[in-house]
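K.L.:
Each chain is listed here by its residues.
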Amino acid sequence: MSTANPDTRRPARSLLHRLWAATTLIVAVMALGTTAISYGLAYQDAKEQQDLQLRQIAGLARRFGELPRAVLQPRGEDIDADTRIVVTHPGESTGGLRLPGTLTDGLQDVIVGGATWRVVVIGSGQDRLAVAQRTGVRLDGAIDGAIRTLVPLLALIPLLMLFSAWIVRRALRPVWRLGRELDVRDAGALEPLATDAVPGELRPFLASINQLLTRLSQLMRRERRFIADAAHALRTPIAALSLQAENLARMDLAPEAHRRLESLHEGMARIRVLVEQLLDLARVQHGEHPLRRPLEPAKVLRQVIEDCLPVAQQRHIDLGIARDEGGSILAEEWQVYLLLRNTVDNALRYTPTGGRVDLAVYGASDAALGRELIIEVCDDGPGIPPRELPRLLEPFERLEREDAPSGSGLGLAIMRNVARNLGGRLELENRPAGGLCVRYRQPALPLTEPH
Amino acid sequence: MRILLVEDDSMLGAATQLALRDAAHAVDWVRDGQSALSALLGTRYEAVLLDLGLPKRDGLTVLGELRARHDPTPVIVLTARGGIEDRVRGLDAGADDYLIKPFATDELLARLRALARRKGGQGQPLLSNGILELDPATHEASRGGQADGADGAGGADGATRLSAREYALLHALMTRPGAILSRADLEERIYGWNEEVESNAVEFLIRSLRKKLGQDAIKNVRGAGWMVDRNAHGTGQPT
Chain A
1 MSTANPDTRR PARSLLHRLW AATTLIVAVM ALGTTAISYG LAYQDAKEQQ
51 DLQLRQIAGL ARRFGELPRA VLQPRGEDID ADTRIVVTHP GESTGGLRLP
101 GTLTDGLQDV IVGGATWRVV VIGSGQDRLA VAQRTGVRLD GAIDGAIRTL
151 VPLLALIPLL MLFSAWIVRR ALRPVWRLGR ELDVRDAGAL EPLATDAVPG
201 ELRPFLASIN QLLTRLSQLM RRERRFIADA AHALRTPIAA LSLQAENLAR
251 MDLAPEAHRR LESLHEGMAR IRVLVEQLLD LARVQHGEHP LRRPLEPAKV
301 LRQVIEDCLP VAQQRHIDLG IARDEGGSIL AEEWQVYLLL RNTVDNALRY
351 TPTGGRVDLA VYGASDAALG RELIIEVCDD GPGIPPRELP RLLEPFERLE
401 REDAPSGSGL GLAIMRNVAR NLGGRLELEN RPAGGLCVRY RQPALPLTEP
451 H
Chain B
1001 MRILLVEDDS MLGAATQLAL RDAAHAVDWV RDGQSALSAL LGTRYEAVLL
1051 DLGLPKRDGL TVLGELRARH DPTPVIVLTA RGGIEDRVRG LDAGADDYLI
1101 KPFATDELLA RLRALARRKG GQGQPLLSNG ILELDPATHE ASRGGQADGA
1151 DGAGGADGAT RLSAREYALL HALMTRPGAI LSRADLEERI YGWNEEVESN
1201 AVEFLIRSLR KKLGQDAIKN VRGAGWMVDR NAHGTGQPT
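Protein chains in written order, with my numbering: chain A, 1 to 451; chain B, 1001 to 1239.
Hint data in this document are derived by calculation from the structure and do not stem from the laboratory.
Note that the structure is a prediction, hence the values are computed from the model and not measured.
Cβ atoms here follow ideal geometry from the backbone N, Cα and C, with glycine treated the same way.
Among the hints, a few may not be true.
If you want the footprint, here are the derived chain A segments under chain B, 3+ residues with CB under 8 Å [as the list claims (entries may be wrong)]:
(1) 245-257
(2) 315-325
Beta-carbon label-pair distances, calculated as ranges [stated by the list, open to error]:
(3) Asn-1220(B) - Asp-366(A): 31 to 39 Å
(4) Arg-250(A) - Ala-1137(B): 31 to 39 Å
(5) Asp-318(A) - Glu-1203(B): 18 to 26 Å
(6) Gln-218(A) - Glu-1196(B): 46 to 54 Å
(7) Arg-1002(B) - His-265(A): 56 to 64 Å
(8) Gln-218(A) - Asn-1220(B): 50 to 58 Å
(9) Arg-371(A) - His-1070(B): 52 to 60 Å
(10) Arg-1002(B) - Arg-225(A): 34 to 42 Å
(11) Arg-371(A) - Ala-1159(B): 47 to 55 Å
(12) Ala-1023(B) - Leu-291(A): 37 to 45 Å
(13) Asp-1185(B) - Leu-291(A): 23 to 31 Å
(14) His-1070(B) - Arg-225(A): 27 to 35 Å
(15) Ala-1116(B) - Arg-323(A): 39 to 47 Å
From just these sequences and the hints, can you work out the full model?
P.N.:
Here it is, written out as C-alpha cells:
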C-alpha cells in the first residue's frame, strides 16, 4: 500500500511557499527573456550608432583635410581605450594603431593586435582615410540596456512575494478564525460552522466538517435517547413488581408468608438501587461536558441530607454538617448531587447503627492550584485496608469483606466519573481514630460580596 | 375517588389498578392516549394517572389536548424518565403533580389525597404532613392525623393558635415537608427587610412551637437546619 509507505508521505508544503516559488520562477523566466531581447536590441542600436558616428567623423575629416594631431591623438588618460576614436590612413600607425593598407572601402571589422575594431574607410589613393573604434563600445551599450531592463523586473520579485503573502493571509483569515472558534468551543456543542465568510475553494471541505459534526451530534442524541429508553424499560417492570408485592402484603397472610414477602421487598429494593445507579453511571459517563454554573455545594449537601435522612434515622445514624464555611464552585448541579449522594450513601452503608456521619464544606489554599473548596464526608465505620484504597475507584469494585453490607460498588465509579467531568479530585483517607473520609476538591470561585 | 389510569404496560397497569382498588378507589384503566381522551369525554373523573410513554398519542399530547378543551381534571403524570427536563415539561403542559417510577403505593395514595385537598375548593388549603396540620386561614396548628404512638405534649385534637412569627416559621417548614431549612432560610421568612434579627430568635420560636405541638414536631438536623417529617403514612383527611 503506497499510502502506508512512510517514504511517499511528505508533509504538504505551505500554500504561501508554493505561491512564492511559482511567482519567483515566472518573474525570473520573464526577466531572463526580456533581458535577452533588450540586450539584442540594444546591441543592434549601439552598432548602428557606432557606424553612423564613424561615417560622420570620416566625412568631416575628409572635408577638412588632414586633422591636427592633437585631435587624432588625444591625451590618453581621460579617454578609455574602448571609446577612443582613431582617425588614420590605412597602412600608417596612429596612436599605437596600425591598420593594414589592404583595407577595402566601407565598413568592416578588423582584428589588430588582439582587439576588434570597427573601421570605416573612405577616399582613394593617398587620401584614403580610416576612422576606427573598438567594437567593445557596442557591447557596453548592449549590457547597459539589458541591465536597465533587468533591474526593475528583479525588484518586482520581493514586491510580488509580499503582495501574495498579504493576499493569502487575508483570504485564510476566516479559516483561522473558525479554527480558533472550534478550539474554544465546548466539545458538547456540535452546531455546524458558518461557511459564508470562507473562500469558495474551502467551502466543500467545511461542508464535510459540518456533516461530520451533524453525524456526531445525532450519535450523541441517540445515545442519550438510549439511556432514557433503558431507564423507561427497566423502571416500569420494577414499578409493577414492587406494587404487586405491596398488593400482596395488604392481604391476610400467614406470618411466615409475611416474612418471605419482606425478603422479596428487600431484594426488589436492591434491584431498584442497582438500576438507578447504572442509569446514573451511564448519565455521568456522558457528562464530560458539564454546563457549569456557580454553585454552593453546601446547598446541594443539604438536599442530599434531606434525601438520605430516612435511611439515617432508620439506623439511628447521626447525619449532619460539622463545618460549613460556604463558598462556591463552577459545576453542574445534578453531577455534584450524584457525587455527594453516592458518597453519603456509601458512608451510611458502612457506618454501624448508632454511628455518626459528618459532612463539611471548607476552603484550603493549594500552592499549585490556588484556592480550593473541599467537600468532605467522614464516617466512623471500619475504614478501608490501605492496600485496597487505589483499586476502589474501579466500576463494580467494592470491599471484599464478609461483614460488608450489600452494595454494588457502582457508587464509587459514579463519584470518580463526576470528579473527572468536573475537573476535581477525589481522595479517600482513613481517619486515625477509625472511619473513612472522602474528600472532593475543586478550585473555588472567588468570594463575592454578600448582597 | 373515581380515577382514570392510563398505562400501556399491562403488568404495571394491573398492579396499580389493584393497589388503588384496595384503597377503595374506583379505577378505569385504558392503555393508550386515544382511549384516554375518549374516556375523559364521556366520564367525569376526580383524577387521571397518566403515563408519558403511550402508544398512539403520547402522554404529553393527551395532556395538551385535555387542557386545550378546558378540562380541569387533575392529572398526575407517571414517568420513568426521571430527568428534570421531563418533569418540567410535564408540569408546563398542565400536569398537577408527577410521580417517578418506581413508586410506592403509599406515595401514590398520598399524592392523590393531596390532589383532592388542593382541588377541594377552599381558598387556602390546610397544610399537612400527616402529623401536623396548619390552617393558613386561622393560623392554627394541631396534631392531626394519626400521631404514631409517641406524641409529645399538646392536646391531640385541640388546635393551638400560633403567634405571627411562630406561624411564619412553621408555614415555611410545612410548605415542603422533608425539606431542611437553614437558620438563614428561616430568618428570611420571619423577618421583614428592615427588621433587626435577634440572635437566637429561631431557637426561641422552635422551642415554643415544640412546647405547643410536641417535641418531635420539628426535627433538628445537625449543622444543616430544621425540618418537619415528610410522612406519607398519615391519613390526614381534612374536614
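K.L.:
The structure should be examined with respect to each hint, and the outcome stated for every one.
P.N.:
Outcome of the hint check:
By the rule of at least three residues with a Cβ nearer than 8 Å to a Cβ of chain B, the coverage given for the region 245-257 of chain A holds, with 3 such residues. Interface restraint, the region 315-325 of chain A with chain B: holds (7 residues with C-beta to C-beta distance below 8 Å; minimum three). Taking the beta carbon of each, Asn-1220(B) and Asp-366(A) are about 35 Å apart, inside 31 to 39 Å as hinted. Arg-250(A) and Ala-1137(B) have their C-beta atoms about 36 Å apart, which keeps the hinted 31 to 39 Å range intact.
For Asp-318(A) and Glu-1203(B), the hinted distance range of 18 to 26 Å is satisfied, since their beta carbons lie about 19 Å from each other. Look at Gln-218(A) against Glu-1196(B): about 60 Å separates their beta carbons, and that is not inside 46 to 54 Å. The hint said 56 to 64 Å for the Cβ distance between Arg-1002(B) and His-265(A), and at roughly 30 Å that hint is violated. At roughly 52 Å, the beta carbons of Gln-218(A) and Asn-1220(B) sit within the given window of 50 to 58 Å.
A hinted range of 52 to 60 Å holds for the C-beta pair Arg-371(A) and His-1070(B), which are about 56 Å apart. For the pair Arg-1002(B) and Arg-225(A), the beta carbons lie near 36 Å from each other, so the given range of 34 to 42 Å is met. Between Arg-371(A) and Ala-1159(B), the C-beta spacing of about 52 Å keeps the proposed range 47 to 55 Å intact. Our hint of 37 to 45 Å for Ala-1023(B) and Leu-291(A) holds, since their Cβ atoms are close to 42 Å apart.
Taking the beta carbon of each, Asp-1185(B) and Leu-291(A) are about 26 Å apart, inside 23 to 31 Å as hinted. In this structure, His-1070(B) and Arg-225(A) meet the distance hint of 27 to 35 Å, their C-beta atoms being roughly 34 Å apart. Checked against the hint of 39 to 47 Å, the pair Ala-1116(B) and Arg-323(A) passes, with Cβ atoms roughly 44 Å apart.
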